[in-house]
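Asker: Protein sequence lines correspond, in order, to chains A and B.
Here my numbering is used: the first residue of the first sequence is 4, the next is one more, and so on.
Here my numbering is used: the first residue of the second sequence is 4, the next is one more, and so on.
Hints listed in this document are in silico derivations from the structure and should not be mistaken for laboratory results.
Keep in mind that the hints are not guaranteed to be accurate.
Since copy identity is lost for identical chains, a pair holds within one copy or between any two.
[As the list claims (entries may be wrong)] Here are the simulated lysine-lysine pairs, DSS-like style, with alpha carbons at most 27 Å apart: (1) K222 to K159; (2) K126 to K351; (3) K387 to K159; (4) K360 to K151; (5) K222 to K180; (6) K234 to K94; (7) K222 to K335; (8) K335 to K234; (9) K249 to K234; (10) K360 to K301; (11) K222 to K387; (12) K82 to K277; (13) K351 to K139; (14) K301 to K159; (15) K159 to K234; (16) K180 to K226; (17) K335 to K360; (18) K387 to K335; (19) K7 to K301; (20) K387 to K152; (21) K351 to K151; (22) K291 to K126; (23) K291 to K351; (24) K96 to K335; (25) K7 to K249; (26) K291 to K139.
These numbers were taken from a predicted model, which means no experiment stands behind them.
Number of protein chains: 2
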Amino acid sequence: MFRKLLSLEEAHEAIARRVKPRALGTEEATLLGAFDRVLAEDIVAAHDIPPFDRATVDGYAVRAQDTFGAEENRPVELKICGTVRTGHLSKIKVGKKQAAEIFTGAPIPEGADAVVMVENTDKESEHIRVFSAVPKSGNVMEAGSDIKKGETVLTKGRRLGSREIGAVAALGIDQVKVQIIPRVAVFSTGPEVIQPGSRLAPGKIYDINSYSLSAAVLKSGGKPIHLGIVKDEFSELQETLKVALKTADMVVTSGGVSVGPKDLMPKVLASLGKSGLILSGIAVKPGKPTTVADIDGKLVYSLPGHPASALMIFHLLVRPMIQVMAGIAPTKDPELEAVAGARMFSAKGRKTFVMVKLREDKSNGIFAEPVSKGDSGAITTLTKADGFVEIPENVQFVDMKERITVHLFAQNL
Amino acid sequence: MFRKLLSLEEAHEAIARRVKPRALGTEEATLLGAFDRVLAEDIVAAHDIPPFDRATVDGYAVRAQDTFGAEENRPVELKICGTVRTGHLSKIKVGKKQAAEIFTGAPIPEGADAVVMVENTDKESEHIRVFSAVPKSGNVMEAGSDIKKGETVLTKGRRLGSREIGAVAALGIDQVKVQIIPRVAVFSTGPEVIQPGSRLAPGKIYDINSYSLSAAVLKSGGKPIHLGIVKDEFSELQETLKVALKTADMVVTSGGVSVGPKDLMPKVLASLGKSGLILSGIAVKPGKPTTVADIDGKLVYSLPGHPASALMIFHLLVRPMIQVMAGIAPTKDPELEAVAGARMFSAKGRKTFVMVKLREDKSNGIFAEPVSKGDSGAITTLTKADGFVEIPENVQFVDMKERITVHLFAQNL
Numbered sequence: 004m005f006r007k008l009l010s011l012e013e014a015h016e017a018i019a020r021r022v023k024p025r026a027l028g029t030e031e032a033t034l035l036g037a038f039d040r041v042l043a044e045d046i047v048a049a050h051d052i053p054p055f056d057r058a059t060v061d062g063y064a065v066r067a068q069d070t071f072g073a074e075e076n077r078p079v080e081l082k083i084c085g086t087v088r089t090g091h092l093s094k095i096k097v098g099k100k101q102a103a104e105i106f107t108g109a110p111i112p113e114g115a116d117a118v119v120m121v122e123n124t125d126k127e128s129e130h131i132r133v134f135s136a137v138p139k140s141g142n143v144m145e146a147g148s149d150i151k152k153g154e155t156v157l158t159k160g161r162r163l164g165s166r167e168i169g170a171v172a173a174l175g176i177d178q179v180k181v182q183i184i185p186r187v188a189v190f191s192t193g194p195e196v197i198q199p200g201s202r203l204a205p206g207k208i209y210d211i212n213s214y215s216l217s218a219a220v221l222k223s224g225g226k227p228i229h230l231g232i233v234k235d236e237f238s239e240l241q242e243t244l245k246v247a248l249k250t251a252d253m254v255v256t257s258g259g260v261s262v263g264p265k266d267l268m269p270k271v272l273a274s275l276g277k278s279g280l281i282l283s284g285i286a287v288k289p290g291k292p293t294t295v296a297d298i299d300g301k302l303v304y305s306l307p308g309h310p311a312s313a314l315m316i317f318h319l320l321v322r323p324m325i326q327v328m329a330g331i332a333p334t335k336d337p338e339l340e341a342v343a344g345a346r347m348f349s350a351k352g353r354k355t356f357v358m359v360k361l362r363e364d365k366s367n368g369i370f371a372e373p374v375s376k377g378d379s380g381a382i383t384t385l386t387k388a389d390g391f392v393e394i395p396e397n398v399q400f401v402d403m404k405e406r407i408t409v410h411l412f413a414q415n416l
Numbered sequence: 004m005f006r007k008l009l010s011l012e013e014a015h016e017a018i019a020r021r022v023k024p025r026a027l028g029t030e031e032a033t034l035l036g037a038f039d040r041v042l043a044e045d046i047v048a049a050h051d052i053p054p055f056d057r058a059t060v061d062g063y064a065v066r067a068q069d070t071f072g073a074e075e076n077r078p079v080e081l082k083i084c085g086t087v088r089t090g091h092l093s094k095i096k097v098g099k100k101q102a103a104e105i106f107t108g109a110p111i112p113e114g115a116d117a118v119v120m121v122e123n124t125d126k127e128s129e130h131i132r133v134f135s136a137v138p139k140s141g142n143v144m145e146a147g148s149d150i151k152k153g154e155t156v157l158t159k160g161r162r163l164g165s166r167e168i169g170a171v172a173a174l175g176i177d178q179v180k181v182q183i184i185p186r187v188a189v190f191s192t193g194p195e196v197i198q199p200g201s202r203l204a205p206g207k208i209y210d211i212n213s214y215s216l217s218a219a220v221l222k223s224g225g226k227p228i229h230l231g232i233v234k235d236e237f238s239e240l241q242e243t244l245k246v247a248l249k250t251a252d253m254v255v256t257s258g259g260v261s262v263g264p265k266d267l268m269p270k271v272l273a274s275l276g277k278s279g280l281i282l283s284g285i286a287v288k289p290g291k292p293t294t295v296a297d298i299d300g301k302l303v304y305s306l307p308g309h310p311a312s313a314l315m316i317f318h319l320l321v322r323p324m325i326q327v328m329a330g331i332a333p334t335k336d337p338e339l340e341a342v343a344g345a346r347m348f349s350a351k352g353r354k355t356f357v358m359v360k361l362r363e364d365k366s367n368g369i370f371a372e373p374v375s376k377g378d379s380g381a382i383t384t385l386t387k388a389d390g391f392v393e394i395p396e397n398v399q400f401v402d403m404k405e406r407i408t409v410h411l412f413a414q415n416l
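The task is simple: from the sequences and hints, build the whole structure.
Answerer: Here is the structure:
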């Protein structure tokens, strides 16, 4: 490391300065295919919802004033002038002292302005007796009362959950414009990694990162292209990266980024396309040996081989970029105030992230305790952690019992 | 309504009594296919992770005691006895006053018990000078220090996120047992509903529920089988339900459950298979006209046609059942304490759910205000709501400025 490392904030800025992050673009999706996608247009109502005055109960469409004064012991008698069925307009006109049989969802016939619930009536051949008055518009859902023609119902950028999908369907729209999902090629490299499912040979370990990072890409709103393990030889790496850059919008690799003679990634990156390296090394712990390059406008993130470091840097640096490319407002980790359950040290001059487990103490609140296996190579550091604590560059340690903010992984990692 | 309605709790109990809810079963998934699935077995380590003592930095494998006393001005000199490459076991033995070149991730050779970082050394032909002492096990990740052979790494029921997928990969496992995803057939019925994308005919409205409920099924951990609109005629409904019950694990319909002559669902349900109706009508608002039946051991939920009622009952009644069938511990809505921004009334004798929007008032905290369009038919009631307030059966109203608990929809609906 022969130059000053960039801070995490400087790394974000350096990358943003070079590639001007923005949403990739839009595509059409069917209503069901749009679930959980990000809306790329405003949805404006082309007509009123409901399109006509509707009955909200089964009963009789009436002129409200005809029912005034009706009581249990003093019913009002009205003449039945026809039946209005749900799903059809009717030509019936309800006159004075008349009532039309009507069902939930059916259009209110001309002349009527309210519906008496069937429970409040008694039928006798051609007449009904009404035992309870109904006000004007009673049991009627008026045209446009849910959504008015011209109203903007959903705005660009909204995630389409069940409620939003329902609102789009209500407007009769069966295709919507959504943000394109960024494709992210993911591979691992290094002479020691072998594929899970194969026999463990001496000196080898199983590849973790191509799987955990692919899953993290999915969770961030991207689509992973899982390339598995790529041999750490110049020509193999170069060839794989060329293909990956053609098919994907971003590449995330891990392994091969520290300073040993076998660490080829920075050299390979420098050999490809225009622009090249943006940064090599970040003043954070874990995750220092991170390299980021821009190859003809596409980002390549080379993360450390240590599984926990790789996932942490992905979370801090890559995830927000995938979200921007996916048209999603970058999400913040949910946070929680806790008490440090032990003294936690920072690495000199580097912003330090300490994985912690929460423990609730009935009388003293919530304690955050460092996950014991502190090595950044340990995958269990992450599976056992509930979140992490950030210690700034200029702070030497967080003392036991100090109040701290825990960033919760929740569903984000 | 000629009998006492069941309360929501009684409805849950009546259904549970009849069908004895439990997870559907298990299947195998590949490592990447298992993402976001629910683990159906304990994952136990078949070997140590890492499987051997590894170097965590590039440098020299040494006997720690040989470096004791080494300082910037008083370096210790060691003889280079070979190179250990990552990914291979080496036959090198590190003797007294010797050092073996080593790279990150490579196995520690025999005799050595620590690694000096390359940054703290100087190389001169066959010798190195060490400028800083290293303790025993320094820069070494010991075999089994991450995961010990026989250790249970993940337990049954855990959701497989990126961290968990990584832990499974670390063990060399490429197939895991996961819970089967419940298939839920969804359709709408009613003479007034037509398919989005078609021309709006007089008296018709667009089908909302088959879309919003399918999306809600997905969000609950189920797989929707979207059947669209089914004509509300006895034979059509009966035929569709028969097919749905063959291909799906559960059926959710909406529309056709109130008391009009065209409301066929309860009759159709009663005509199918063994057991039949579990309940018809629940003392809640919205969502009273809900019918639940058990046909040969499979549940059929007939929800109201009103979109907001249908989604609300889905959330309260159907979602927890899908989660149980998917092997997921039923999730609680996140909650938030707020102040009632207006008086909110309950429906007599029914547990009432009022959709609210949150408004933050800098001096007075967070206010929950009813979404103005109170009609349960209004889809915008839901898109504009941040959550809901529950008013118990025996409470007439919640007064303005009363402290209330808001159940947040967050990502759950």
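Asker: State for each hint whether it applies.
Answerer: Now for the hints, and whether the structure bears them out:
1. Proximity of K222 and K159 under a CA criterion of 27 Å is satisfied in both settings, with 21 Å inside one chain copy and 21 Å between copies.
2. For the identical chains of this complex, K126 and K351 are inter-copy neighbours only, at 26 Å across copies versus 87 Å inside a copy, given an alpha-carbon limit of 27 Å.
3. Taking CA atoms no more than 27 Å apart as the test, K387 paired with K159 passes between copies only; the shortest distance there is 15 Å, against 38 Å inside one copy.
4. In this assembly of identical chains, K360 and K151 lie within 27 Å of each other by CA distance solely across copies; the values are 20 Å between and 50 Å within a copy.
5. Within a single copy, K222 and K180 get their C-alpha atoms as close as 21 Å, and across copies as close as 21 Å, so both meet the 27 Å cut-off.
6. For the homomeric pair K234 and K94, the shortest alpha-carbon distance between copies (24 Å) is at most 27 Å, but the shortest distance inside one copy (77 Å) is not.
7. Taking the shortest Cα distances, K222 and K335 sit within 27 Å of each other both inside one copy (14 Å) and across copies (21 Å).
8. With identical chains, the CA atoms of K335 and K234 are never at most 27 Å apart, being 36 Å at best within one copy and 46 Å at best between copies.
9. Taking identical chains as interchangeable, the C-alpha atoms of K249 and K234 lie at most 27 Å apart only when both belong to the same chain, with a minimum of 20 Å there against 49 Å between chains.
10. Proximity of K360 to K301 under the C-alpha cut-off of 27 Å is found in neither arrangement, the shortest distances being 37 Å within a copy and 41 Å between copies.
11. Taking the shortest alpha-carbon separations for K222 and K387, both the intra-copy value of 19 Å and the inter-copy value of 26 Å come in at or below 27 Å.
12. Taking identical chains as interchangeable, the C-alpha atoms of K82 and K277 are never at most 27 Å apart, the minima being 85 Å within one chain and 44 Å between chains.
13. In this homomeric assembly, K351 and K139 come within 27 Å of each other (Cα to Cα) only across copies, at 22 Å, whereas the closest approach inside a single copy is 75 Å.
14. Only within a single protomer do K301 and K159 lie at most 27 Å apart by alpha-carbon distance; the minimum there is 25 Å, versus 40 Å between protomers.
15. Proximity of K159 to K234 under the C-alpha cut-off of 27 Å is found in neither arrangement, the shortest distances being 43 Å within a copy and 35 Å between copies.
16. Taking CA atoms no more than 27 Å apart as the test, K180 paired with K226 passes in both settings, with 18 Å inside one copy and 24 Å between copies.
17. In this homomeric assembly, K335 and K360 come within 27 Å of each other (Cα to Cα) both inside a single copy, at 19 Å, and across copies, at 22 Å.
18. Proximity of K387 and K335 under a CA criterion of 27 Å is satisfied in both settings, with 21 Å inside one chain copy and 22 Å between copies.
19. Only within a single protomer do K7 and K301 lie at most 27 Å apart by alpha-carbon distance; the minimum there is 25 Å, versus 65 Å between protomers.
20. Proximity of K387 and K152 under a CA criterion of 27 Å is satisfied inter-copy only: 17 Å between copies versus 52 Å inside one chain copy.
21. In the homo-oligomer, the alpha carbons of K351 and K151 never lie at most 27 Å apart, since the shortest distance is 60 Å inside one protomer and 31 Å across protomers.
22. When the C-alpha separation of K291 and K126 is checked against a cutoff of 27 Å, the pair qualifies only between copies, where the shortest distance is 24 Å, while the shortest distance within a copy is 82 Å.
23. With identical chains, the CA atoms of K291 and K351 are at most 27 Å apart within one copy only, with a shortest distance of 12 Å there and 63 Å across copies.
24. Within a single copy, K96 and K335 get their C-alpha atoms no closer than 58 Å, and across copies no closer than 50 Å, so neither meets the 27 Å cut-off.
25. Neither within a single protomer nor between protomers do K7 and K249 lie at most 27 Å apart by alpha-carbon distance, with minima of 33 Å and 66 Å respectively.
26. In the homo-oligomer, the alpha carbons of K291 and K139 lie at most 27 Å apart only across protomers (24 Å), although the nearest pairing inside one protomer, at 71 Å, exceeds that limit.
Hint compliance for this structure: hints 8, 10, 12, 15, 21, 24, 25 are broken, all remaining hints hold.
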